[in-house]
Amino acid sequence: ELKVEQNPLFLSMQEGKNYTIYCNYSTTSDRLYWYRQDPGKSLESLFVLLSNGAVKQEGRLMASLDTKARLSTLHITAAVHDLSATYFCAVDRGDKIIFGKGTRLHILP
Amino acid sequence: SAVISQKPSRDICQRGTSLTIQCQVDSQVTMMFWYRQQPGQSLTLIATANQGSEATYESGFVIDKFPISRPNLTFSTLTVSNLSPEDSSIYLCSVEGTGAVGTEAFFGQGTRLTVV
Numbered sequence: 301e302l303k304v305e306q307n308p309l310f311l312s313m314q315e316g317k318n319y320t321i322y323c324n325y326s327t328t329s330d331r332l333y334w335y336r337q338d339p340g341k342s343l344e345s346l347f348v349l350l351s352n353g354a355v356k357q358e359g360r361l362m363a364s365l366d367t368k369a370r371l372s373t374l375h376i377t378a379a380v381h382d383l384s385a386t387y388f389c390a391v392d393r394g395d396k397i398i399f400g401k402g403t404r405l406h407i408l409p
Numbered sequence: 091s092a093v094i095s096q097k098p099s100r101d102i103c104q105r106g107t108s109l110t111i112q113c114q115v116d117s118q119v120t121m122m123f124w125y126r127q128q129p130g131q132s133l134t135l136i137a138t139a140n141q142g143s144e145a146t147y148e149s150g151f152v153i154d155k156f157p158i159s160r161p162n163l164t165f166s167t168l169t170v171s172n173l174s175p176e177d178s179s180i181y182l183c184s185v186e187g188t189g190a191v192g193t194e195a196f197f198g199q200g201t202r203l204t205v206v
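First to last, the protein sequences are chains R and B. Quick note, in our numbering, the first sequence goes up one by one and the last residue is 409. Quick note, in our numbering, the second sequence goes up one by one and the last residue is 206.
Just so you know, the hints here were simulated from the structure itself, not pulled from any lab data. Hints are all accurate, no fakes.
Residues on chain R that point at chain B, a partial pick, calculated with CB under 10 Å:
#1 Q306
#2 Y333
#3 E344
#4 L350
#5 A390
#6 G400
Small disclaimer: the values here were computed from a predicted structure and weren't measured. Just so it is clear, CB atoms sit at the ideal spot from N, CA and C, and this is done for glycine as well.
Required output: the full structure, derived from the provided sequences and hints.
Listed below in structure tokens is the structure:
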């Protein structure tokens with residue numbers, strides 16, 4: 301059974317600081333997603349990671365994938381309040397997508 | 091990319107009634123997925139809907155409670171039956187489509203259901 305473990309589940313940080321969210325998964329997969337969700341809203345796709353060593357960056361967010369370690373990271377650089385949201389990683393094994401529990405990120409001004 | 095229109099966006103329903111959620115996609119897709127997101131929780135897959143066949147339900151979800159229709163390659167409905175307050179959640183439909191880097195998952199806007 302594919303399991304996706306995300307940590308931390310809650311993160312409160314100061315603006316300007318850097319931090320990393322970790323996503324471990326238990327079996328091989330076709331692709332890994334990172335999503336952002338604002339309260340009461342649907343999911344916004346941030347990154348799709350396909351291959352080992354993939355690194356993608358968009359603004360202050362950078363995602364990486366290590367398929368050998370079954371680990372993906374979402375790194376936040378110089379956080380700003382607008383990045384406050386819940387971030388989900390999700391692993392696509394082809395027939396279904398399994399989500400992590402999400403990281404609720406609160407950035408303090 | 092795939093554009094998904096999901097209706098209604100929210101509803102408040104009496105316990106014991108049912109709610110049917112519609113999901114329309116702007117392109118033909120083989121599989122459509124229905125998820126539930128309980129308050130403060132992650133997304134849980136309810137079922138996978140293939141056109142022309144019975145939906146495949148995940149453990150803990152049954153057809154009598156969550157009947158699904160898939161009449162064609164662009165449309166699906168999820169009904170949540172015999173509502174109880176525990177059914178209060180966000181329900182999302184999802185499809186796989188072609189994005190900037192190949193196949194990826196796209197989500198509808200979600201339906202926020204409150205059962206009173």
